[in-house]
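> Residues per chain are reported as follows:
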Amino acid sequence: MWVAAASAPLLYRGVTGEWPHFVSELLPSDDTKVALGGSRGIHVREAVRLEKPIADVYRFWRRLENLPQFMAHLESVTQDSNGTSHWIAKGPAGLRVEWDAEIINDVPNKTLGWRSLPGSDVVTAGSVNFDEVRGGRSTQLTVHLQYAPPAGSAGAFVASLFGRAPSQTIREDLRFFKQILEAGEVAQASLPSAEATR
Amino acid sequence: MKAVRYYGKEDIRVEQVPDPVLLNPRDAIVKISATAICGSDLHIYGGYIPTMESGDILGHEFMGEVVEVGRENHSLKVGDRVVVPFTIACGRCYFCKEGLWSLCDNSNPNAWMVEKLTGYSGSGLFGYSHMYGGYPGGQAEYARVPFADVGPIKVPDSLTDEQVLFLSDIFPTGYMAAENCSIRPGDTIAVWGCGPVGQFAIKSAYLLGAERVIAIDRFPERLALAESQGKAEILDYTRVDVLDALRAMTGGQGPDACIDAVGLEAHGTTLDAWYDRAKTSMYLATDRPHALRQAISACRKGGTVSIPGVYGGWLDKFPLGAAFAKGLTLKMGQTHMHKYLPGLLARIEAGQIDPSYIITHRVTLDDAPAMYRTFREKRDQCIKVVMRPD
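Line by line, the protein sequences give chains A and V.
The numbering of the first sequence is my numbering, which starts it at 1 and goes up by one.
The numbering of the second sequence is my numbering, which starts it at 1001 and goes up by one.
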């Protein structure tokens, strides 16, 4: 019941590209919304264009197990058959944090939303919109990612996942995503010369 | 393997480094048979290019034999003889599909660095700073070539290394500079700088239908080559007033298009050139755009100024007012290499041009430190240096 209610703001955002301001007032009993409704924590919105059909882009992202291929802060995501997923994030010095999430909105080739389950150490939500651009020749993907600041050391850890410039971190993640889908590989330069002298 | 490495301004060394290995599925490893020093390498040598690091392997003009091929590379096989374009491009992004290969979205792992300076990043480049990817260059015995299924062009055994080596950069670069002039029959094209790119711009302008080409430089051997091989009319800017001369030669109208094949380290004898020199030496400006200013002043109304010369940063006293008043078109940028390679190889095979005529020095990799200095100081009538690894 509350899942459907909670998905409404995400769906709203999916259409308008904005988060409704009434979210926290509307759902005062909803931990996730309250936690994410404030100004603190990580709020990132980034977009990328790809020369791939929208269905390919959606399919790759919908398989959440693929996310750690390009999102640097994730170690793994595993989905089970009932639609929930287990996320493991990795930070500096090998520290990890884990949480469970559920898909709360899934319109193929249009939008995908997920959020952490109540009671998780980490309160987080994300959504991705898929749009055809350039008259349907290209696909634009827009990511909105939120992490609420948990209390204590977990909060500092979540902040550390994204560094001092979370938007830049996610922008680099999306660059990897684009390279994987378009070029089939992530560009890298070997530096045998540098290694040899250091 | 042996490689030419950068250690700082005017400090390059030849040293042993580990051989390159395949890193990505579309890669290839090339055993280098010939490699060249480019005029743009001199910008690195002079300390003008930021984000170079100690130990970086230089060089972006090279060719050789394919010795290893990644599992997703279905275009090359071991034993193929190839020339490698200096720009690295994925072949699948918006820009590659549009033919704007040097603006590839996916080949620069350090694109964020360039974005801070220019908004968006162009393609990765071999041996040309970490800002452009930190890819080890081709002044070495071997090189790893990313996206080698769309970059390197296979060359026939009937052509020598020296005939095809300059497909790696300077021939296409000179050609695109001329193509950017939108030459029509009867046009007069003026070219500033008779280095290798200028020489090929002269040749290409004629190939594309120019009636007259006027070449501007101060080094006698370069002017002589432009005259004898390029069939250009020549102007020594230390002896004549270039603007007056061009005006007179074109009946008071000005050249239809002007090519700046000099770039950010221009020399000059006029007041603005000394002003640039003073400002760059005090780090108050990054580039010395004397040739570009003159090209803009000289160009006829409604004409085109084409800029293959490399610029890196901020220009001072840029005469945008003159460009606006005369309704000029300015065209510039790194060469869209991949687009030009098949057509230019065909022109070489057909005997329309033999690019080896610009070579003045043939040496081995061990001679690189000395040759960088010779080339930079234009001693010994040096125009183009080709190195072999052995």
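Everything labelled a hint here was simulated from the structure, so no lab data went into it.
Some hints could be false.
If we take Cβ atoms under 10 Å as the criterion, some of the chain V residues that face chain A in the derived model are [unchecked claim]:
id, residue
1, L1023
2, P1025
3, C1096
4, G1099
5, S1107
6, G1134
7, F1147
8, F1219
9, R1247
Here are some, though not all, of the chain A residues that point toward chain V, as calculated from beta-carbon distances under 7 Å [claimed, not checked]:
id, residue
10, Q79
11, E132
12, Q179
13, E182
14, A183
15, E185
16, A187
17, A189
Positions of the beta carbon are idealized from the N, C-alpha and C atoms, including for glycine.
> Would you list, in rising numerical order, the hints stated earlier that this structure does not obey?
Violated hints (numbers, rising): 4, 8, 9, 10, 11; every other hint is consistent with the structure.
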